[in-house]
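Spelled out, the chains give:
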Amino acid sequence: EAGVAQSPRYKIIEKRQSVAFWCNPISGHATLYWYQQILGQGPKLLIQFQNNGVVDDSQLPKDRFSAERLKGVDSTLKIQPAKLEDSAVYLCASSLSWDPGNTIYFGEGSWLTVV
Amino acid sequence: SQQGEEDPQALSIQEGENATMNCSYKTSINNLQWYRQNSGRGLVHLILIRSNEREKHSGRLRVTLDTSKKSSSLLITASRAADTASYFCATDARDNFNKFYFGSGTKLNVKP
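As you go down the protein sequences, you meet chains A and B in turn. Under this note's numbering, think of the first position of the first sequence as 59, with each following residue one higher. Under this note's numbering, think of the first position of the second sequence as 356, with each following residue one higher.
Listed below are the simulated DSBU-like cross-link pairs for lysine-lysine, each with C-alpha atoms no more than 35 Å apart in a straight line:
| # | chain 1 | residue 1 | chain 2 | residue 2 |
| --- | --- | --- | --- | --- |
| 1 | B | Lys462 | A | Lys102 |
| 2 | B | Lys411 | B | Lys462 |
| 3 | A | Lys129 | A | Lys69 |
| 4 | B | Lys462 | A | Lys120 |
| 5 | A | Lys69 | A | Lys136 |
| 6 | B | Lys381 | B | Lys424 |
| 7 | B | Lys381 | A | Lys141 |
| 8 | B | Lys381 | A | Lys136 |
| 9 | B | Lys411 | A | Lys102 |
| 10 | A | Lys120 | A | Lys141 |
| 11 | B | Lys462 | B | Lys425 |
| 12 | A | Lys120 | B | Lys425 |
| 13 | A | Lys141 | A | Lys69 |
| 14 | B | Lys425 | B | Lys466 |
| 15 | A | Lys141 | B | Lys462 |
| 16 | B | Lys466 | A | Lys69 |
| 17 | B | Lys424 | B | Lys411 |
| 18 | A | Lys102 | B | Lys424 |
| 19 | B | Lys425 | A | Lys102 |
| 20 | B | Lys381 | A | Lys120 |
| 21 | A | Lys69 | A | Lys120 |
| 22 | A | Lys102 | B | Lys466 |
| 23 | B | Lys381 | B | Lys411 |
| 24 | B | Lys381 | A | Lys102 |
| 25 | B | Lys462 | A | Lys69 |
| 26 | A | Lys102 | A | Lys69 |
| 27 | A | Lys129 | A | Lys73 |
| 28 | A | Lys141 | A | Lys102 |
| 29 | B | Lys462 | A | Lys73 |
| 30 | A | Lys129 | A | Lys141 |
| 31 | B | Lys462 | A | Lys136 |
| 32 | A | Lys102 | A | Lys129 |
| 33 | B | Lys425 | B | Lys381 |
Keep in mind the hints are simulated off the structure, nothing from the lab.
Put together the whole structure using the sequences plus the hints.
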């Protein structure tokens, strides 16, 4: 079974530029998550989708971050304009459904460095 | 905050020894998961334990959950150098939407 796919794996941009990350979840998984992990910290949930609807985006900095999952499968996370403090790993994850107790599977992450 | 917090922050042991990591959380949960993260890699799921379970095993891993103390522990027996990684516990929110919140992790170093 293919895992969660993410691209690009690494990205270096200058502050105030924009960047987009793509995620393809495990086939059949209705729930998709984006987490931000700053070096030395645990992952922080940014947004959760159930199919193409947003379940929770309370920790997404909406002035600069946006995410979409238009057809309920792939998802993109965009940052515009980027700040230095956005340097982190952006982890996409998916689970079969939003019912409690479903294992969440993570991709390898997209590493962002803002200079 | 719903986040679990792991203890200790760092642990260094010799190969063959057992490693125990603890996780404490603040509010009631439905489920708790443990993950491993090798340096530069994504998170790998280890075990999910439900609030009505007290103990689960998977190979060399043993997880316990004490809901009265709001704590969990992960025991790795007969550790190997390949177990060197960061270990995170993740607790869910009680809104029943399968949202999990992570602590800052325990960094385990197993010396050969």
